[in-house]
Amino acid sequence: MGIFDRLTGTRYPESGVTPRWTTQVREALLALDGPDVPYRIRGATAQEKADLTAEWRIEELHLRLRIRMRFDPVRREVRALEERWDAKEREYHRGPASGFHKEWTYERGPDGRRHRVETLRVNTSDMRTALRDTVLEAGWTWRGVLRLRGLDRG
Numbered sequence: 001m002g003i004f005d006r007l008t009g010t011r012y013p014e015s016g017v018t019p020r021w022t023t024q025v026r027e028a029l030l031a032l033d034g035p036d037v038p039y040r041i042r043g044a045t046a047q048e049k050a051d052l053t054a055e056w057r058i059e060e061l062h063l064r065l066r067i068r069m070r071f072d073p074v075r076r077e078v079r080a081l082e083e084r085w086d087a088k089e090r091e092y093h094r095g096p097a098s099g100f101h102k103e104w105t106y107e108r109g110p111d112g113r114r115h116r117v118e119t120l121r122v123n124t125s126d127m128r129t130a131l132r133d134t135v136l137e138a139g140w141t142w143r144g145v146l147r148l149r150g151l152d153r154g
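Residue numbers (our numbering): 1 to 154.
Because the hints were derived from the structure by calculation, they are not lab data. A hint or two may mislead.
[As the list claims (entries may be wrong)] DEER-style ranges, computed between Cβ atoms: (1) Thr45 with Glu14: 29 to 35 Å; (2) Glu91 with Gly2: 26 to 32 Å; (3) Thr129 with Asp86: 17 to 23 Å; (4) Glu83 with Thr22: 20 to 26 Å; (5) Trp104 with Thr45: 37 to 43 Å.
[Claimed, not checked] List time: in silico DMTMM-like cross-link candidates among lysine to aspartate or glutamate, alpha-carbon distance up to 20 Å: (6) Lys49 with Glu77; (7) Lys88 with Glu60; (8) Lys49 with Asp72; (9) Lys88 with Glu55; (10) Lys88 with Glu59; (11) Lys88 with Glu103; (12) Lys49 with Glu83.
The C-beta atom is built at its ideal place from N, Cα and C for all residues, glycine as well.
Taking the hints into account, I'd like the entire structure generated from these sequences.
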């Protein structure tokens, strides 16, 4: 793994893992979507220039995360473009980044004393980790890209 791989978040499967078919990787990624996860995974639109898109809107933080994934069956890799929109700061970023956020309030406990109670816990890398681990378990490479041309068809 080179320095560029570290910057883009590229990871390789363990040796000895038999690569699955493209359809199996796609199905495994779509299977991550469900009512118990805060993000959604869907087929990408034509404008997104990808095969699948994972999106997480964190309303409390005014944050939107999106990972566009493109399958390369010849190289057995999923190219992933990570994007973040921060509506509060009016900022847009590309590339892998992790953020951890917690919020608390104070409430009176049964003993009558004030206790600090966690009301929000968000780790923005949760979505990427689930997607990446699924791809690696399928014997494919998770390749982070920083530009749209990494996802262009052709």
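Satisfaction of hint between aspartate 72 and lysine 49, Cα-Cα up to 20 Å: Cα-Cα ~13 Å, so holds.
Consistency of beta-carbon spacing, threonine 45 to tryptophan 104, with hint 37 to 43 Å: holds, 38 Å
Satisfaction of the hinted span 20 to 26 Å by the C-beta atoms belonging to glutamate 83 and threonine 22: Given a distance of about 23 Å, which is inside 20 to 26 Å, the answer is holds.
Verdict for glutamate 91, glycine 2 (Cβ pair) under range 26 to 32 Å: Given a distance of about 28 Å, which is inside 26 to 32 Å, the answer is holds.
Pair hint lysine 88 and glutamate 59, alpha-carbon separation not exceeding 20 Å: Satisfied, since the Cα-Cα distance of roughly 11 Å is no more than 20 Å.
Straight-line alpha-carbon gap lysine 88 to glutamate 60, limit 20 Å: Cα-Cα ~10 Å, so holds.
Hinted pair lysine 88 and glutamate 103, Cα distance within 20 Å: Since the Cα atoms of lysine 88 and glutamate 103 sit roughly 17 Å apart, the hinted pair holds (cutoff 20 Å).
Pairwise hint evaluation, glutamate 77 against lysine 49, where the allowed Cα distance is 20 Å at most: holds, 16 Å
Distance restraint evaluation - threonine 129, aspartate 86, Cβ atoms, bounds 17 to 23 Å: holds, 20 Å
Given pair status - glutamate 55, lysine 88, alpha carbons within 20 Å: holds, 18 Å
Satisfaction of hint between glutamate 83 and lysine 49, Cα-Cα up to 20 Å: Judged against 20 Å, a Cα distance of about 14 Å means the pair holds.
Whether the CB-CB distance between threonine 45 and glutamate 14 falls inside 29 to 35 Å: holds, 33 Å
Taken one by one, the earlier hints all hold for this structure without exception.
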